[in-house]
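Novice: Sequence:
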Amino acid sequence: MIGLASSFFAAAPVAFAAGLISFLSPCVLPLLPGYLGFLGGVLGQESGHRHRGRAVLGSLFFVLGFSVFFLTLGYLFGGFGHLLRSHHRILELVFGSVTIAMGLMFSGVVPMRWLQRERRSHFLPRATLLGAFLLGLLFALGWTPCIGPTLAAIMGLAATDTSTTAWRGTGLALVYCLGLGIPFVVAAMASEWALSVSSALRRRARAIGLVGGVFLILLGLLQVLGWWPTVIHWVQDLLPTTSLPL
Numbered sequence: 000m001i002g003l004a005s006s007f008f009a010a011a012p013v014a015f016a017a018g019l020i021s022f023l024s025p026c027v028l029p030l031l032p033g034y035l036g037f038l039g040g041v042l043g044q045e046s047g048h049r050h051r052g053r054a055v056l057g058s059l060f061f062v063l064g065f066s067v068f069f070l071t072l073g074y075l076f077g078g079f080g081h082l083l084r085s086h087h088r089i090l091e092l093v094f095g096s097v098t099i100a101m102g103l104m105f106s107g108v109v110p111m112r113w114l115q116r117e118r119r120s121h122f123l124p125r126a127t128l129l130g131a132f133l134l135g136l137l138f139a140l141g142w143t144p145c146i147g148p149t150l151a152a153i154m155g156l157a158a159t160d161t162s163t164t165a166w167r168g169t170g171l172a173l174v175y176c177l178g179l180g181i182p183f184v185v186a187a188m189a190s191e192w193a194l195s196v197s198s199a200l201r202r203r204a205r206a207i208g209l210v211g212g213v214f215l216i217l218l219g220l221l222q223v224l225g226w227w228p229t230v231i232h233w234v235q236d237l238l239p240t241t242s243l244p245l
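For the sequence shown, the residue numbers in numbering that gives the first Met the number 0 are 0 to 245.
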């Protein structure tokens, strides 16, 4: 039970970081002005504290929309890994190699323009809370090819652990969604500041891509070389013996 908990807690920070890197990617960060514009429609004529509260609520519905899709993927990949847990070493080699390849693409070392082409939908939901949820779902469906490198890495972690389950995969997907979603919520709370920061970050897109790519390559190497269990054992030594199983 402790090993299962340590396995999750070792992967959780990686999943959160992957979600944050996804938000900072060159094809997600530019969406921020349009996203904030949509929230403006959700707000209508409201102002003051109610204005901010409804903006945050709209952002939460947006995050919930894409989370539904990614949590489903996590559940499926975790279940897949559980069914093939006796072949976890083969899965480590396969998913680790894919993660390394994705890291090379994300960093720009290997140009793969097809991976960065989002599948945009011409359907725009109405500016309501339900519309914000639908917009989040459309974001997940349309921009998955763009955030594919980081998402694939987390799905690989969900599928390759010897103790993986469908619910563990769902948990890792949830942490990934927090890393991706919290910046959207913060942006709704402070839109002018968020636009200023996003503009500065977009000018550093190449550096962000390089850092994210190195992060993915290192993660893939840990899996390919079989060193990920060592990381888990290290985390296990740091956890108290009363840790709850996950």
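Simulated from the structure, these hints should not be mistaken for lab results.
Accuracy of the hints is not assured; some may be wrong.
[Said to hold, decoys possible] If you anchor each label on the Cβ, the simulated ranges turn out as follows:
no.	residue 1	residue 2	range
1	R205	V185	21 to 27 Å
2	V108	V185	28 to 34 Å
3	V213	L140	27 to 33 Å
4	A199	S85	45 to 51 Å
5	L140	L83	23 to 29 Å
6	P32	R88	41 to 47 Å
7	G40	V210	30 to 36 Å
8	P12	G225	18 to 24 Å
9	V185	G225	23 to 29 Å
10	L224	T71	27 to 33 Å
11	V55	H86	42 to 48 Å
Bear in mind that the values here come from a model prediction, so they are computed numbers and not experimental data.
Glycine included, each C-beta is placed from N, C-alpha and C at the ideal position.
Novice: Of all the hints numbered above, which does this structure not satisfy? Sort the numbers upward.
Specialist: Hint check: 9 fails alone, others pass.
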